[in-house]
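Okay, here's what each chain looks like letter by letter:
Number of protein chains: 4
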Amino acid sequence: MDFAFDAETDELRSRLEAFMDEHVYPAEPVFEQQLAERDDPWSSVPIVEDLKTEARSRGLWNLFLPGEHGAGLTNLQYAPLAEITGRSPQLAPTVLNCAAPDTGNMEVLAMFGSPKHHEQWLRPLLDGEIRSAFAMTEPDVASSDARNIETKIVRDGDSYVISGRKWYISGAMNPNCRIFIVMGKTDPDAEPHRQQSMILVPRDTPGVQVKRGMNVFGYTDGDHGGHAEVVFDDVRVPAENLLQEEGSGFAIAQARLGPGRIHHCMRLIGMAERGIELMCRRTISRTAFGKPIAQQGVVQDWIAESRVRVEQLRLLVLKTAWLMDTVGNQGAHTEIQSIKIATPASVEWILDKAIQAHGAGGVSQDFPLAGLWAAARMLRLADGPDEVHKRSLARRELKKYLPERK
Amino acid sequence: MDFAFDAETDELRSRLEAFMDEHVYPAEPVFEQQLAERDDPWSSVPIVEDLKTEARSRGLWNLFLPGEHGAGLTNLQYAPLAEITGRSPQLAPTVLNCAAPDTGNMEVLAMFGSPKHHEQWLRPLLDGEIRSAFAMTEPDVASSDARNIETKIVRDGDSYVISGRKWYISGAMNPNCRIFIVMGKTDPDAEPHRQQSMILVPRDTPGVQVKRGMNVFGYTDGDHGGHAEVVFDDVRVPAENLLQEEGSGFAIAQARLGPGRIHHCMRLIGMAERGIELMCRRTISRTAFGKPIAQQGVVQDWIAESRVRVEQLRLLVLKTAWLMDTVGNQGAHTEIQSIKIATPASVEWILDKAIQAHGAGGVSQDFPLAGLWAAARMLRLADGPDEVHKRSLARRELKKYLPERK
Amino acid sequence: MDFAFDAETDELRSRLEAFMDEHVYPAEPVFEQQLAERDDPWSSVPIVEDLKTEARSRGLWNLFLPGEHGAGLTNLQYAPLAEITGRSPQLAPTVLNCAAPDTGNMEVLAMFGSPKHHEQWLRPLLDGEIRSAFAMTEPDVASSDARNIETKIVRDGDSYVISGRKWYISGAMNPNCRIFIVMGKTDPDAEPHRQQSMILVPRDTPGVQVKRGMNVFGYTDGDHGGHAEVVFDDVRVPAENLLQEEGSGFAIAQARLGPGRIHHCMRLIGMAERGIELMCRRTISRTAFGKPIAQQGVVQDWIAESRVRVEQLRLLVLKTAWLMDTVGNQGAHTEIQSIKIATPASVEWILDKAIQAHGAGGVSQDFPLAGLWAAARMLRLADGPDEVHKRSLARRELKKYLPERK
Amino acid sequence: MDFAFDAETDELRSRLEAFMDEHVYPAEPVFEQQLAERDDPWSSVPIVEDLKTEARSRGLWNLFLPGEHGAGLTNLQYAPLAEITGRSPQLAPTVLNCAAPDTGNMEVLAMFGSPKHHEQWLRPLLDGEIRSAFAMTEPDVASSDARNIETKIVRDGDSYVISGRKWYISGAMNPNCRIFIVMGKTDPDAEPHRQQSMILVPRDTPGVQVKRGMNVFGYTDGDHGGHAEVVFDDVRVPAENLLQEEGSGFAIAQARLGPGRIHHCMRLIGMAERGIELMCRRTISRTAFGKPIAQQGVVQDWIAESRVRVEQLRLLVLKTAWLMDTVGNQGAHTEIQSIKIATPASVEWILDKAIQAHGAGGVSQDFPLAGLWAAARMLRLADGPDEVHKRSLARRELKKYLPERK
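Protein chains in written order, with the numbering used here: chain A, 11 to 416; chain B, 11 to 416; chain C, 11 to 416; chain D, 11 to 416.
Because the hints were derived from the structure by calculation, they are not lab data.
Some clues are possibly wrong.
For chains that are exact copies, the list does not tell them apart, and a pair is met inside one copy or across any two.
As the list claims (entries may be wrong) - Mimicking DSSO-like on lysine-lysine, the simulated pairs with C-alpha atoms at most 30 Å apart in a straight line are:
#1 409 with 62
#2 301 with 410
#3 126 with 62
#4 62 with 301
#5 162 with 62
#6 410 with 162
#7 221 with 410
#8 221 with 162
#9 126 with 301
#10 301 with 409
#11 162 with 126
#12 162 with 301
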């Protein structure tokens, strides 16, 4: 259980922090400005491309991706880097080509894609030329139970035909999002975890209808391509677009979600740190009832509690990363669920306090806090709601004490 | 301490509920549709005017306003009506001409305005022809301490000249918002609570610059005229625009805030009831892990806790209304602070659970929950943050036990 | 919904407060002293008998009991009186002959007992000459589900024979506790709510074994006769000892629990008020870091939050009392559950803060706070744990939205 | 940041777990039995001496003490061992000679005592022959602010004369507690942190009056020598009894408190683990409403949340231990405060849930839960209340953002 950062990580942290200080933080207001001025509310903006070029030239690129296709870092190496990007979560992950959902999609393609998939989709994604989406959640069923998924993927000769409705498909409103990984059922009569398959659907396939952007507490997240509702209306793609074989969809989803969850948690810690910094700076600078707000006991209570929570979360995330590196994602299952349960809820709490300390400014567009809060809140729902993870984790805990079944 | 609804209240409740069922709830999707289609993101939409006409014809108009100018109800009579409007808070309060900030502004004009003010501004507000704004909060200071206000109101001959910057001026983005009640300092050297004055500033006065709409968690609240940042750049108005005399601003603000706070709390209870209803309906209709979500123990815990909280809040609001009616706003000071502390926080909690029970739908524009949540959250800040009210209430509690000073 | 105190209540409140000030509060240290000095750790002490005589002479006696046998007050009349006794819960309820479990037992006997039961047991209880116990909870099953009860009551000729094990039988360690009302099953094959019966078992019946006192967080509650573990080993009593007919036990229990729960909640509110008073007095009188602790923001937050919570609880308790008076206990079912859920939890929170404000003194025997806390905590378990009440209340809430079954 | 257990630690863990399984857990009921039967409610019982002999023979002795006098373990090595002892906190720490307050006292004597002190007091303490007490907290002032201490230590020739009143002096009721380390003021006019000194006072010195045992939520903790109120009435001891020089008392207290706090936190984690285990076992074995309680969603929520919290706490404690080992107690100041803030509060929460899951059994003497809870609750007060630590930690956090003072 050694969480010390090795020399490579330390070097990358320094390099990344320099990049943040020199380029990312100064670009935040420019980014906001360009977003406000663009014509298409779902498109990216020039500053992002500029920063991508700069990041790549500095060797800060695809850090999330282990193995030959990416930077080859371990989870433990990547964790402190992802945390740093979380301090500016609208910009930094994207410009390092480390933003969800592309990260998870690249992992899926790298692990489960064919050479042709690599060539056609993984390569331009790795190069940051296109974006991608992951289409799993459906509006018409409780998607927290993956067995409820109703989208159909039906074999028809050399093709598969896909029909169904998805929503909250992050990134899919961006016109540069070119490829969807779609989860659906190929065999509703198979055993529960072998009914699903995943298939690649290019955005421009006939029958793909990107209907509208879904909101998150008033935010469209248009800077990230939003969260689309997408209808697949008898969409026909070549059979070779299927990832692996029929029935492997659930397993691929599991493989994708482990790293996805920890990446979110790493970034959430950076978001919390940003929140604490802003809370301190603001309360030092504002005076009420005769003294700086920072001297109010209640505010100090918030700050202390926030620090104590973040320290605990970070260590649990690091342990989880270390476990994933050493015993594999399956062996780290309890820990991945633990950070998924603990991190969004605690970070939401911290950001709520930072908001309150800012008064009306806290809920405004002049500070990143309300947006960070909405992202944290969303993660109590996304990738499985807290309640489903708790239920599963509790059952595993209880199993320790159940009499053996023969 | 008699909270029973009298015959008049019961009759009004029935009439209002019929109006809600027949007109308001069915109009909600139309309203959303018209909002999406309008050109000016800050303007009102036709359905609102239609409903206003209908409401007025049914005698559901200006219910909030006691005395000759309004419906003449007591606070206790108005409370259950305001609660009902809170079930559809984007539409109902407005179409009954009972929406903040106009309500508070009409009260101020009715109580403290001159006959000329009545003629010029109160009359069209009572008729729902124009909107108004209340300009108090400033971006550059901690406005939770009213003594921090920096806007200057300087006498110059027969005029006053106003200079300062305000933000979160609700309603002010709406082009039909014609009159601002502005709080500023006429005498920074007077004793702390006699420094401020209030003055009427027509929107079209030279020097009034409505700069931009401020957001609340991603929401512009454009349907209510948003929350404007407004700069007053040497704005000159006739001296007769001053409300009462110089130095009376703090007292007027206090008089305005008591009813304002309880109206918000009444509506919040309706919002909570809407949330509980939606939470029940949704969890009954969705199935996960083999049974309706409503049968999950954790969900039942949320529902029970929500019901128990709402019942407590409602009673405290009713008691506060009754006290205001019987001993006056000053005598109900502790209770007004108590509901201001308890209601937004508890209702926020309830709405959070209703959101979680909806999955991604909960944070979306397809359900009113995320918007209701943002409104509740905002009220932990607006009209004095929780912490300021708690501090003040605690001091009064402690005073009971302090040795008498001679 | 009129909660105003009528003239009789106001007069009784004044009389009771005078009695508290003149006799009860001054007796608290004497009581502690006598408890420490007695030989039998389960017996009562002389000061209690003195105060009983005084209370009765002042007409402060059996206030809890409606109808001819008691003071004849309504629940709404009794509520503020019970609250006052809650300020000194170890002494005041007992000396007014208003202490659990005798109160519930007297109610049961008054409502369901035969004339002979009245003569033999109700009369001396009403006169405060003997004590009684209610034997329901069992150590070997989850008693939160009444259907689990395993004690057997078997008819044998003119007798019933009782066998089973009970615990947490409050008051039963006191040698002056002469009569047990025992809940058991007469017919395990009947439908679930007709299996149980209640029967009177005099303490001196052969086979009754009072084994030991059970603790509550280290407290024996020996001043109230403790909480006994009692074994009934083939205990034979005359058939006439059965209350009502066989199978009526569950209904009697329900009838007993409604008033019992609200009495606890009334007193809990007085306990909370005592806690707030002590918290204020202590923090005013102690200085740390250069100012009285009462001026610390965090402490003020506790005080304000406590006040706000108590006001809400009291109103909900009053409404429940009023409902029980006007529509009956059955009609007040949801409200009784609501106060049972809300009151112990909130009062526990308040007392925890009062303890913390006292430092080590808070957990000590020199202040009543830790004892009050344990009593409040126990009530999250006793008379049905929170979770069972929440589950039941939620189901009723959900029922409003379920499709009608035909 | 390497928290892996080294070979020595692993070996000791195995040895300790074997000892727990073979001797400690089986001794728990015997211990309770002997406690119930002893004459002196403050004395130790034979089983403890037996287990001490066994533990020592197994090399499980003085594990807490670094350096030559003890087992020489680092904090990181000791942490997992202390956690294991926390699973049986009434027995295990004592029988390993690792129980507070002796541990802290031995550390003080080892670090700051003279050779004569070592010979006279440290040696028998290390051998487990006598017990000791640490007399700091006073009943008459807010001891959370160490500057408030009023006990006087006055030089008079070759002696010091001590006068003052202390309470919650843990262990001091035990007749085998032979030596007190007393904190008092030698110079009330010195700068705040140089006013205090520490001095050794043998229990049998004339003027030492051990008055009574103080309770913790009804518990006397008589098995650990209780928590005494002690009056020092012109107690005269030789000047050589002073530790170090006059004015060094505050610094010695700080040196003592760091390890003391982390030891408590380590054990608290073991207490939490015991609570989780009991919660699981109980809810698996009890049935209500047709299924094992362990299948209730609310109970599973508690179990999951408990697991997630414990994992976070343990890591933060390990990091703190590692920091103390590598950069010293001063460098680990923030972390020591963090675990002192987080651990008792979280563990209290977990134990509360375990209690609730046990029904009445949870608050009884038949399960260790209520006692564990009281110990955890006490630690939110002892060694500095949460609020003082939070205030201090927040100030350090805020300092990062304060402008440099010149």
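Cross-check of the supplied hints:
Taking identical chains as interchangeable, the C-alpha atoms of residue 409 and residue 62 are never at most 30 Å apart, the minima being 48 Å within one chain and 35 Å between chains. Taking the shortest alpha-carbon separations for residue 301 and residue 410, only the inter-copy value of 19 Å comes in at or below 30 Å, while the best intra-copy value is 54 Å. Only within a single protomer do residue 126 and residue 62 lie at most 30 Å apart by alpha-carbon distance; the minimum there is 26 Å, versus 62 Å between protomers. In the homo-oligomer, the alpha carbons of residue 62 and residue 301 never lie at most 30 Å apart, since the shortest distance is 44 Å inside one protomer and 48 Å across protomers.
Within a single copy, residue 162 and residue 62 get their C-alpha atoms no closer than 37 Å, and across copies no closer than 47 Å, so neither meets the 30 Å cut-off. In this homomeric assembly, residue 410 and residue 162 never come within 30 Å of each other (Cα to Cα): the closest approach is 38 Å inside a single copy and 36 Å across copies. In this assembly of identical chains, residue 221 and residue 410 lie within 30 Å of each other by CA distance neither inside one copy nor across copies; the values are 47 Å within and 35 Å between. Taking identical chains as interchangeable, the C-alpha atoms of residue 221 and residue 162 lie at most 30 Å apart only when both belong to the same chain, with a minimum of 19 Å there against 51 Å between chains.
In this homomeric assembly, residue 126 and residue 301 never come within 30 Å of each other (Cα to Cα): the closest approach is 65 Å inside a single copy and 42 Å across copies. Only between protomers do residue 301 and residue 409 lie at most 30 Å apart by alpha-carbon distance; the minimum there is 16 Å, versus 55 Å within a single protomer. When the C-alpha separation of residue 162 and residue 126 is checked against a cutoff of 30 Å, the pair qualifies only within one copy, where the shortest distance is 24 Å, while the shortest distance between copies is 70 Å. Taking the closest pair of Cα atoms, residue 162 and residue 301 come within 30 Å of each other only across two copies (23 Å); inside a single copy the shortest separation is 63 Å, beyond that limit.
Hints 1, 4, 5, 6, 7 and 9 from the list above are not met by this structure, while the remaining hints are.
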